[in-house]
Structure formats: structure tokens, C-alpha cells
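Peer 1: Single-letter residue listing:
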Amino acid sequence: MKQQSIASERRSKTILSVVLAAICVVYVLPVFAVVLNSFKINTFVKTDTFAMPRGEMWAGFDNFVKGMTFGNYPFIKSVLYSVLITVLSTFLILLFTSMAAWYIARVNSVFCRTIYYLCVFSMVVPFQMVMFTLSKTADKLRFNTPWTIPVVYLGFGAGLAIFMFVGFVKSIPVEIEEAAAIDGCGPIRTFFSVVLPMLKPTLISVGILEIMWVWNDYLLPVLVLDINEYRTIPIHIQYLKGSYGTVDLGATMALILLSIIPVIVFYLMCQKYIIKGVAAGAVKG
Amino acid sequence: MSKKISGGNSTRRQTRKWSWLFMGPVVAAFAIGFVWPFIQGIYLSFCKFRLIRDAQFIGFGNYLTALQDQTFRSAFWYTAGFAIVSLVLINVLAFAVAYALTQGIRGSNLYRTVFFMPNLIGGIVLGYIWSMIFDGILHRYGTSIVENQTWGFWGLVILVCWQQIGYMMIIYIAGLQAVPEELHEAAKIDGASKWQTLFKVTIPNVMPSITICTFLSLTNGFKLFDQNLALTGGMPIVIQPDGSSVKTTEMLALNIYSTFYNSNAKYPGVAQAKAVLFFILVAGLGLAQLAYTRKREVQQ
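Residue numbers (our numbering), protein chains in the order written: chain A, 542 to 826; chain B, 2 to 301.
Simulated from the structure, these hints should not be mistaken for lab results. Keep in mind that a hint or two might mislead.
With a straight-line cut-off of 30 Å between C-alpha atoms, the simulated DSS-like cross-links for lysine-lysine are [to be verified]:
#  : chain 1 : residue 1 : chain 2 : residue 2
1  : B       : LYS49     : B       : LYS224
2  : A       : LYS817    : A       : LYS711
3  : A       : LYS677    : B       : LYS18
4  : B       : LYS224    : A       : LYS681
5  : A       : LYS618    : A       : LYS607
6  : B       : LYS18     : A       : LYS711
7  : A       : LYS618    : A       : LYS681
8  : B       : LYS296    : B       : LYS224
9  : A       : LYS817    : B       : LYS201
10 : A       : LYS813    : A       : LYS741
11 : A       : LYS741    : B       : LYS18
12 : B       : LYS189    : A       : LYS554
13 : B       : LYS224    : A       : LYS813
14 : B       : LYS201    : A       : LYS554
15 : A       : LYS817    : B       : LYS296
16 : B       : LYS201    : B       : LYS189
17 : B       : LYS224    : A       : LYS677
18 : A       : LYS681    : B       : LYS201
19 : A       : LYS554    : B       : LYS195
20 : B       : LYS296    : A       : LYS711
21 : A       : LYS817    : B       : LYS224
22 : A       : LYS817    : A       : LYS554
FRET-style restraints, in silico, Cβ to Cβ [to be verified]:
#  : chain 1 : residue 1 : chain 2 : residue 2 : range
23 : B       : ALA32     : A       : ASN649    : 19 to 25 Å
24 : A       : PHE652    : B       : TRP196    : 52 to 58 Å
25 : B       : GLN104    : A       : PHE652    : 50 to 56 Å
26 : A       : PRO803    : B       : GLN104    : 33 to 39 Å
Short, incomplete list of chain B residues facing chain A, as computed with Cβ under 8 Å [as the list claims (entries may be wrong)]:
#  : residue
27 : TRP21
28 : ALA30
29 : ARG107
30 : LEU121
31 : GLY124
32 : ILE211
33 : LYS224
34 : MET236
35 : ALA254
36 : TYR268
37 : ALA272
38 : VAL283
None of the values given here were measured: they were computed from a predicted structure. Every residue gets a Cβ at the ideal spot worked out from N, C-alpha and C, and that includes glycine.
I would like the entire structure built from these sequences, with the hints used as guidance.
Peer 2: Following this line, the structure appears as C-alpha cells:
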């Protein structure tokens with residue numbers, strides 16, 4: 542009896558494994574299709590989407606070379622702007638929201654609580670609600686360049702970050718900071734050399750959420766930046782279509798491949814943190 | 002807590018002297034990036050204007066226009082239908098995958114890595130990847146994803162399933178792993194079948210995860226923008242009997258965007274009114290989630 546049930550359990554596990562492996566293959570197919578078509582001559586992308594790029598279809602690296610200047614804008618420039626905006630925004634958000642969150646959690650005045658509840662409230666506000674007025678305000682105050690747009694990200698993204706940091710600071714015993722104060726640390730020194738190191742897990746979680754958000758964001762930069770001058774990768778990909786009316790699908794796929802390779806490498810390198818960070822951000826409700 | 006200790010009070014007073022440093026940057030940026038645009042947005046939804054500085058208060062006129070707008074109504078029903086279909090599919094599939102992955106199968110980690118991967122790719126890029134794939138298939142039948150509303154709908158459903166199943170799966174795995182092993186063993190000893198255990202023991206115990214994922218996928222469905230823009234952009238267009246045109250795969254967020262920014266967009270006030278209605282809808286869903294989760298927590 543028992544052996545039989547063990548055997549049947551083993552069999553059902555094998556079936557499950559096979560099914561999951563099959564789903565896995567289906568899951569990577571779209572990415573695989575991008576790879577195939579980035580080496581294919583444009584006219585064949587639509588007619589032979591799922592064929593190997595062989596013989597007359599083979600384009601070599603032409604699509605990549607062409608893609609570099611495709612859409613009247615150098616691709617490398619949009620990569621640099623994307624990196625600049627993502628790094629600066631994430632840095633600003635991590636630094637300033639962790640400082641504010643610590644202050645909110647420890648001082649806990651009426652003003653602090655007001656800001657905190659406003660932050661929580663901002664998490665349920667969809668971007669469409671503020672996009673028109675936000676882009677006008679950002680324009681007027683000159684936050685419309687890649688060097689200044691991080692301030693806008695700090696403002697609109699503060700909600701989730703403050704919420705997560707405050708939650709974590711409240712779980713740290715205040716006695717540690719009091720001990721530091723007794724040892725003669727001022728608030729600034731206490732924060733930077735005592736509190737900040739303890740915040741590391743949340744810094745990583747929030748950092749990953751912000752990186753993923755800013756890197757992939759399309760609507761905010763397209764409305765705030767002058768897109769003839771500054772484009773991020775998503776803007777660049779979106780405007781490949783509008784540039785001449787016709788589309789070079791081969792070159793588009795080459796650029797899409799180039800833009801997802803760093804994302805996948807980043808994911809494989811810090812997978813553990815990414816999954817943890819995303820799970821932490823999901824429970825915000 | 003720190004109130005009891007006098008030392009705590011004096012450090013707090015010390016900290017307060019530095020409020021400008023700790024709070025200043027965030028408060029300033031938050032005012033520019035959220036508070037002011039939000040307040041101004043509410044105000045402008047009651048105004049008629051081309052430029053913000055010559056806005057004229059007109060009361061609820063914009064809201065009436067918005068509610069009578071065919072394109073807005075059609076976008077609402079399309080979005081609601083999409084949100085519900087994708088909600089069911091995503092959650093059923095994500096739960097099934099999560100359940101399978103917690104059965105101690107070899108290679109679970111690899112599968113988890115693969116299923117989560119599409120989450121990191123942005124909506125615009127995802128849209129173009131899938132439009133290439135769908136057009137590659139539909140080309141053989143002489144059509145395209147932008148020529149048929151039904152294809153557009155299911156195409157978008159497949160896209161968001163591919164993107165979000167991995168995300169919900171992570172939340173379900175965490176929920177499933179938190180169910181105490183003893184409960185399963187007790188059910189086994191009592192002679193419960195596998196299905197009975199699943200429906201009577203496992204699912205009731207992961208209810209919090211199910212609530213989170215349900216509302217998350219519902220609000221995600223309502224807020225969807227990038228994928229919608231990149232996959233079909235609202236195409237195909239259907240001309241109504243009265244001569245107006247409706248984009249048949251346009252969702253709410255995209256409809257608001259085109260009301261604001263299309264070349265023939267004359268009434269930003271109406272667009273802002275739509276945005277306020279959209280905000281009330283999405284925030285309402287969020288608050289309902291909060292209330293529901295709270296209630297369940299009390300019960301447990």
C-alpha cells in the first residue's frame with residue numbers, strides 16, 4: 542500500500558516537472574523570438590517571424606549597426622540618459638526618503654503624521670490624475686532635463702519609499718539611538734552611522750523597486766522631458782515607430798534585445814534581492 | 002515608547018532642530034511632484050481653459066461632458082472587462098504555478114526565476130515584443146493585431162498574463178510556505194484527499210495572499226497604459242453612426258492621455274475631469290482592498 546502511494550506520488554511529481562518545464566519553454570519563447578528576429582532582414586520579420594534567420598534572411602549585425610542611429614536619434618544617447626536618470630533618481634529617493642522616514646517615525650509630530658498620511662494617500666493616486674499639471678509644473682520650474690527630473694521622481698515616488706522605511710524604522714529599538722546620543726552623537730551622526738546601516742535590507746528593497754520603476758517608466762519622462770533633445774530607452778523604442786511612418790522591425794528588435802540584455806543580467810545577478818524587494822513592495826495595501 | 006524616558010525627549014528635541022535637513026528635501030519635492038499637481042488637477046477639472054493661467058471656473062460641466070463621451074464610456078467597459086478577465090486568469094494560473102512549485106520538485110528555483118523574469122521588462126518594450134509575435138501569427142491569416150478588436154483584447158490579456166503571473170506567483174509562494182505543515186498532516190491522517198486538502202485547508206489559509214493578489218491585479222488592470230499604447234494603441238477605430246470615432250481597444254488611461262494630448266484635443270478640462278473620475282475609481286478599489294484586508298485580519 543505505502544509503496545504504491547509513494548510510487549504514484551513520484552509519478553505525479555514527474556508529470557508536474559514535465560508540465561512546468563514545458564511552460565518554462567513557452568515562457569522564454571518571446572525573448573527567443575526577439576533574438577531570432579534581431580538577426581533577420583526586415584522584410585522577413587513579419588512573414589517568417591518564427592523561422593531561424595538563415596540564408597537570405599540572415600542580416601548579421603546590420604540591424605544592430607542600423608539601430609544605433611535609427612529613428613533620428615542615437616541609441617547610445619538614450620541609454621546614457623536612462624542610466625543617468627535611474628541612478629540619480631534612485632540615489633535621491635533612497636537618501637532623502639530614508640532621512641525623512643526616520644524623522645517621521647521618531648519625532649512623530651502632527652506635521653510628521655500629516656506628511657506620512659499624505660504619502661500613503663499618494664500611493665493610490667494613479668499617474669493620470671496628476672500628469673497634466675505635474676508636467677506643466679515641472680516645465681515651469683525647469684525640472685525638465687535629465688539632471689533635474691530626478692527631483693520629480695523623488696516627489697512622485699516618495700509615497701511608497703516613505704511607507705516602507707517608516708514601517709522598518711518603527712521595528713528598530715530606539716534604545717540603540719539613545720545609546721548613541723548618550724555617547725555624544727548628534728542627530729545627523731546618529732542617522733548616518735547608526736540608523737542607516739541598520740536600514741540596509743529596506744534600502745535594497747526600495748532601491749530595486751525604484752530602479753525597476755524609473756528604468757521602465759515611459760509616461761513621466763515623455764511628458765516632462767523635451768523629447769527632441771532627451772530620450773530614455775522606452776521613449777526611444779516608442780518613437781521608432783513614429784519617425785518615418787514606416788518601421789524597420791529588424792532594427793527595432795535589435796534595439797529591444799540590446800535594451801533587455803542589461804535588465805536580464807541585472808536580474809540574474811541580484812535575483813534574490815529583486816524577488817524579496819518586489820514581494821515587500823506588494824504588501825503595501 | 003520614548004516618552005517614558007527623559008533622555009528620549011531631549012534627543013527628540015535635538016532632532017527637531019534638524020527638521021529642515023531631514024524633512025526639507027522630501028517635503029519640497031513631494032509638494033512639487035504630488036501635492037500641488039493634485040490640488041491644481043482637482044481645481045482645473047472644474048474649469049474651462051486652453052492655458053492654465055486663463056482658467057475659468059465652470060462647475061460640473063466638464064464632468065457632464067466626460068460622462069457623455071462615447072469614447073470614455075466604451076473605454077470604461079473595455080477596461081472593466083479586461084481587468085476582470087485578466088484578474089481571473091492571472092490569479093488562477095499564478096496560484097496553480099505557485100502550488101506546483103511548493104511541492105518539492107527538482108528545479109523549482111530555476112522555474113521560479115524564469116516565470117518572474119518578464120516582470121523586469123518595461124511595458125513599452127513588452128508591447129512591441131508581443132506585437133511582433135502576434136503579427137507573425139496573424140499575418141498568415143491576412144490580418145493583424147491592430148485590425149481586430151477581439152485579437153487586440155486577447156492579445157493584451159496574454160501579454161499581461163505573461164508579465165504578471167510571475168509576480169503574483171511570488172506572493173502566493175510566500176503565502177503557501179507560511180501554512181503550517183501540521184495542518185496538512187492532520188488532514189492526511191483524517192483521510193482527506195489531495196483536492197479536499199487543497200480546498201478545505203490550503204486555500205482558506207492563504208486567503209490574505211489571495212486578497213492582495215486579487216486587488217493588485219484588479220488595480221493593475223484598470224491602470225494599464227504602456228502595454229496598451231505599445232500593443233495596439235487603441236486600434237482599430239470604429240466610426241459611430243453619429244460620425245464620431247471610437248478606438249475599440251483603448252483603455253481608460255490611454256483615453257485620458259489622448260483626450261489631453263491628441264493634436265485635435267480642445268478640452269484639457271474634460272480630460273482632467275476624466276482623470277479625476279479615474280482617480281476616484283482606482284482609489285476606491287484601493288480603499289476597498291484596505292477595508293477588506295482589515296476585516297479579515299480582525300476575524301482571524
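Peer 1: Now tell me, hint by hint, if it's right for this structure.
Peer 2: Hints and how they fare:
{"no.": "1", "hint": "LYS49(B) x LYS224(B)", "in the structure": "holds (26 Å)"}
{"no.": "2", "hint": "LYS817(A) x LYS711(A)", "in the structure": "holds (20 Å)"}
{"no.": "3", "hint": "LYS677(A) x LYS18(B)", "in the structure": "violated (34 Å)"}
{"no.": "4", "hint": "LYS224(B) x LYS681(A)", "in the structure": "holds (27 Å)"}
{"no.": "5", "hint": "LYS618(A) x LYS607(A)", "in the structure": "holds (15 Å)"}
{"no.": "6", "hint": "LYS18(B) x LYS711(A)", "in the structure": "holds (21 Å)"}
{"no.": "7", "hint": "LYS618(A) x LYS681(A)", "in the structure": "holds (25 Å)"}
{"no.": "8", "hint": "LYS296(B) x LYS224(B)", "in the structure": "holds (26 Å)"}
{"no.": "9", "hint": "LYS817(A) x LYS201(B)", "in the structure": "holds (29 Å)"}
{"no.": "10", "hint": "LYS813(A) x LYS741(A)", "in the structure": "holds (15 Å)"}
{"no.": "11", "hint": "LYS741(A) x LYS18(B)", "in the structure": "holds (26 Å)"}
{"no.": "12", "hint": "LYS189(B) x LYS554(A)", "in the structure": "holds (18 Å)"}
{"no.": "13", "hint": "LYS224(B) x LYS813(A)", "in the structure": "holds (28 Å)"}
{"no.": "14", "hint": "LYS201(B) x LYS554(A)", "in the structure": "holds (22 Å)"}
{"no.": "15", "hint": "LYS817(A) x LYS296(B)", "in the structure": "holds (27 Å)"}
{"no.": "16", "hint": "LYS201(B) x LYS189(B)", "in the structure": "holds (12 Å)"}
{"no.": "17", "hint": "LYS224(B) x LYS677(A)", "in the structure": "holds (22 Å)"}
{"no.": "18", "hint": "LYS681(A) x LYS201(B)", "in the structure": "violated (59 Å)"}
{"no.": "19", "hint": "LYS554(A) x LYS195(B)", "in the structure": "holds (13 Å)"}
{"no.": "20", "hint": "LYS296(B) x LYS711(A)", "in the structure": "holds (24 Å)"}
{"no.": "21", "hint": "LYS817(A) x LYS224(B)", "in the structure": "holds (24 Å)"}
{"no.": "22", "hint": "LYS817(A) x LYS554(A)", "in the structure": "holds (27 Å)"}
{"no.": "23", "hint": "ALA32(B) x ASN649(A): 19 to 25 Å", "in the structure": "holds (21 Å)"}
{"no.": "24", "hint": "PHE652(A) x TRP196(B): 52 to 58 Å", "in the structure": "holds (55 Å)"}
{"no.": "25", "hint": "GLN104(B) x PHE652(A): 50 to 56 Å", "in the structure": "holds (51 Å)"}
{"no.": "26", "hint": "PRO803(A) x GLN104(B): 33 to 39 Å", "in the structure": "holds (34 Å)"}
{"no.": "27", "hint": "TRP21", "in the structure": "violated (10 Å)"}
{"no.": "28", "hint": "ALA30", "in the structure": "holds (4 Å)"}
{"no.": "29", "hint": "ARG107", "in the structure": "holds (7 Å)"}
{"no.": "30", "hint": "LEU121", "in the structure": "holds (5 Å)"}
{"no.": "31", "hint": "GLY124", "in the structure": "holds (7 Å)"}
{"no.": "32", "hint": "ILE211", "in the structure": "violated (13 Å)"}
{"no.": "33", "hint": "LYS224", "in the structure": "holds (5 Å)"}
{"no.": "34", "hint": "MET236", "in the structure": "violated (12 Å)"}
{"no.": "35", "hint": "ALA254", "in the structure": "holds (5 Å)"}
{"no.": "36", "hint": "TYR268", "in the structure": "violated (12 Å)"}
{"no.": "37", "hint": "ALA272", "in the structure": "holds (7 Å)"}
{"no.": "38", "hint": "VAL283", "in the structure": "holds (5 Å)"}
In terms of the numbered hints stated before, the structure departs from hints 3, 18, 27, 32, 34, 36, listed from lowest to highest.
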